[in-house]
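Protein chains in written order, with the numbering used here: chain A, 1 to 297; chain B, 1001 to 1352.
Among the hints, a few may not be true.
Residues from chain B shown here face chain A by an in silico Cβ test under 8 Å; the list is partial [as the list claims (entries may be wrong)]: (1) Asp1011; (2) Ala1014; (3) Arg1015; (4) Leu1061; (5) Arg1068; (6) Gly1069; (7) Glu1070; (8) Leu1086.
The following label-pair restraints were derived from C-beta to C-beta distances [stated by the list, open to error]: (9) A/Phe191 with B/Gln1160: 21 to 31 Å; (10) A/Gly199 with B/Ala1142: 18 to 28 Å; (11) A/Asp138 with B/Ser1162: 11 to 21 Å; (12) A/Val194 with B/Asp1194: 24 to 34 Å; (13) B/Ser1162 with A/Met207: 35 to 45 Å; (14) A/Ala215 with B/Val1296: 52 to 62 Å; (15) B/Gly1273 with A/Ser201: 34 to 44 Å; (16) A/Ser5 with B/Pro1017: 19 to 29 Å; (17) B/Pro1017 with A/Gly157: 52 to 62 Å; (18) B/Pro1082 with A/Val20: 25 to 35 Å; (19) A/Ser201 with B/Gly1087: 50 to 60 Å.
The following residues of chain A were derived to be distant from chain B, with all beta-carbon distances above 12 Å [claimed, not checked]: (20) Leu7; (21) Ala8; (22) Leu117.
In short, the hints are calculated from the structure, not lab data. A virtual CB, placed ideally from N, CA and C, is assigned to each residue, including glycine.
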Amino acid sequence: MSEASTLAWRPAHQRPPLLVRARERVGRSRTAIAVSLVVLAVLLPAAVLVPWLDPTAATHADITAVYSPPSAEHVLGTDGAGRDLLVRTLAALRTSFLVGLVAAAVATLIGVTVGALAAATVSWGRGAVDQLLMRLVDAVNAVPHLVLGVVIVAMLGPSVSSVITSIALTHWTTPARLVRAEMLSVQGRDFVDVAIVGGASRWRVTMRHVLPQVASRALLAAVLMVPHAIWHESALSFLGLGMPPHLPSLGAMIQDAQVAVFAGHWWPAFWPGLALVVVTLAVSGAAALLRPRERAL
Amino acid sequence: MTRRPVLEVRDLGARLPRRDGGHHLVLHGVSFSVAPGEVLAVVGESGAGKTMTLTALLGLLPARAEVRGEAVLHPPGSGSEPVSLLGLSERDRRRLRGRGIAHLPQGAATALTPVRTVGSQLRETARALGHGRASAERVVRAALARFGAEEELLGRYPHQLSGGQLQRFANAAALMGDPCLVLADEPTAGLDEDRAATTAAELRRQADEGRAVLVVTHDLRLAEDLADRVAVLYAGHTVETGPSARVLGHPRHPYTAALLAALPRHGLRPLAGEPPQAVGHVHGGCPFADRCPLVVDRCRAELPALRPAPGSDGDHRTACHRAEDLAAGPATSRPTGIPATVVAPPAGGGTC
């Protein structure tokens, strides 16, 4: 090598294979995050505002325009009752966002509380409480959560709140385990010993030194649970158990459109399905903002 | 020492990308070489770039780091091609790891997985080196015998072993592949006198078996006792390098002289000031200029290159414009020109 070339800066590592690079690019690409945020910034206000500005549009049936394909008048077409699919999909999305956000928040709150309590009791010398709580987690996990969710909705009757309850009560176990495991590991670190030796109370150690360390993980888990909860709501509605029939729901719309698909009317099933996929990708894309940064060394 | 070096590092630089698109310079110009049978000690303050140098040699820099300069491994024995360690493909590097280059990490306890027995980890190492099931078993036993690690402890988990036992198992794992170059990161940090001596003896034995050993340390005494050669790093530059008796006995760089003056037996006179926070110091001159007692205008204007130290053969090299003036002083390890910094007793306070 000539003197000039060895003194020039060059990459320390050879470029990884194309597939690895592509995956990394999408994973931490700013474009992907920006697109996700833009999609959410359009869909979220639209889903909230459109049904609010015209409350009857989503349920307004027009027998003369049944299954009309996408056109200037009905941009996404109409369904079997002649209802406009754009307005109806947005109204259904509003329900989805509501259920997704509230259910994820409630599930994470329950999970963090149970997980933190379990981990804290271990360090307080009350391991029996931890054992009890974790066996409860095992018990909930032992039942397939869609089945448990169906049972809860069936007991409470179809409504927004019963769907939220059903999802929250079946999904708090994941954040509970996550928080407990993280906290147990943090509790073993030196700075916790230092805090105890420095005279901090158990409560203070847990609340000020340990819990904040797991907050970012819990937040990420909560955000990633939003699309999960949205799918659950759709699944329950698809089964005819979730929302009351008059409330638009993506799952119920797809269920209704099943027959139409076989008749060649693809649009009543396509748009709610697309909305479901787009929202899921956008939320998890935006969640990349919360991911831990690339490790320096 | 006229044998061909196993590792030759010339003008090694490294920089890491910053979020704002700029770069963070961590190594500016590091140069040294190690021959078979030699121990080289790389010494310097925390932040001088000692560990970064190892990281660069091992190919473990962060993903988008950049390097410059040269680091060439010449495997001893005829017929083996020299290998440039910078910019190797992952595949070639893997072929080299464990076989060509071994790394003794800082602290043996953290280098072993806590969830598996030491035996299974040693066997895994042997398998990774390409041994079959049966020969892996043989290689593991041979390595245990060489490093005095107890065979009956193979079924234990790391937390069930003492620090000394762990060290022996970690050594056995690292050196199983019979590498020609051993890199040790702070091998004696945090060890008691006894264990430090054992570790030093082990490294010496590695060199005596014909390997080239590179020890990164801030323990000058270890460098004096163990090393054949020394490279002194300051702010990402090699400022002085050569046979350890020469460099540590007749320092020709004021920084080396200051490090020696800070040793307890030389009066415990720590150098005033702080090392530069960023290696990319502002004025293109000598990185040590701001703390140097011998500084002149030229030092701030012109970066001194490594050159043969005055009054030595070419093997002892220094990067100081004023090496001649240092040499003119009495040839002792207490250099002239270093002001005796007064170490103030700790101010009162505390209840004890």
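Verification of the supplied hints:
1. Asp1011: At 6 Å from the nearest chain A Cβ, aspartate 1011 of chain B passes the 8 Å test, so the hint holds.
2. Ala1014: 7 Å, holds
3. Arg1015: 7 Å, holds
4. Leu1061: Check passed: Cβ of leucine 1061 of chain B comes within 4 Å of chain A, closer than 8 Å.
5. Arg1068: Cβ of arginine 1068 of chain B sits 5 Å from chain A, so the hint holds.
6. Gly1069: 6 Å, holds
7. Glu1070: 5 Å, holds
8. Leu1086: Holds. Min distance 7 Å.
9. A/Phe191 with B/Gln1160: 21 to 31 Å: 26 Å, holds
10. A/Gly199 with B/Ala1142: 18 to 28 Å: At 53 Å between Cβs, range violated.
11. A/Asp138 with B/Ser1162: 11 to 21 Å: Given a distance of about 37 Å, which is not inside 11 to 21 Å, the answer is violated.
12. A/Val194 with B/Asp1194: 24 to 34 Å: Holds, at about 28 Å.
13. B/Ser1162 with A/Met207: 35 to 45 Å: 37 Å, holds
14. A/Ala215 with B/Val1296: 52 to 62 Å: About 55 Å separates the Cβ atoms of alanine 215 of chain A and valine 1296 of chain B, which means 52 to 62 Å holds.
15. B/Gly1273 with A/Ser201: 34 to 44 Å: Since the Cβ atoms of glycine 1273 of chain B and serine 201 of chain A sit about 42 Å apart, the hinted range of 34 to 44 Å holds.
16. A/Ser5 with B/Pro1017: 19 to 29 Å: Given range 19 to 29 Å: holds, Cβ gap about 21 Å.
17. B/Pro1017 with A/Gly157: 52 to 62 Å: For glycine 157 of chain A against proline 1017 of chain B, whose Cβ atoms are near 57 Å apart, the range 52 to 62 Å holds.
18. B/Pro1082 with A/Val20: 25 to 35 Å: Holds, at about 29 Å.
19. A/Ser201 with B/Gly1087: 50 to 60 Å: With Cβ atoms ~54 Å apart, the hint holds.
20. Leu7: 6 Å, violated
21. Ala8: 6 Å, violated
22. Leu117: About 26 Å separates leucine 117 of chain A from the closest Cβ of chain B, which puts it past 12 Å; holds.
Going through the hint list in order, the structure does not satisfy hints 10, 11, 20 and 21.
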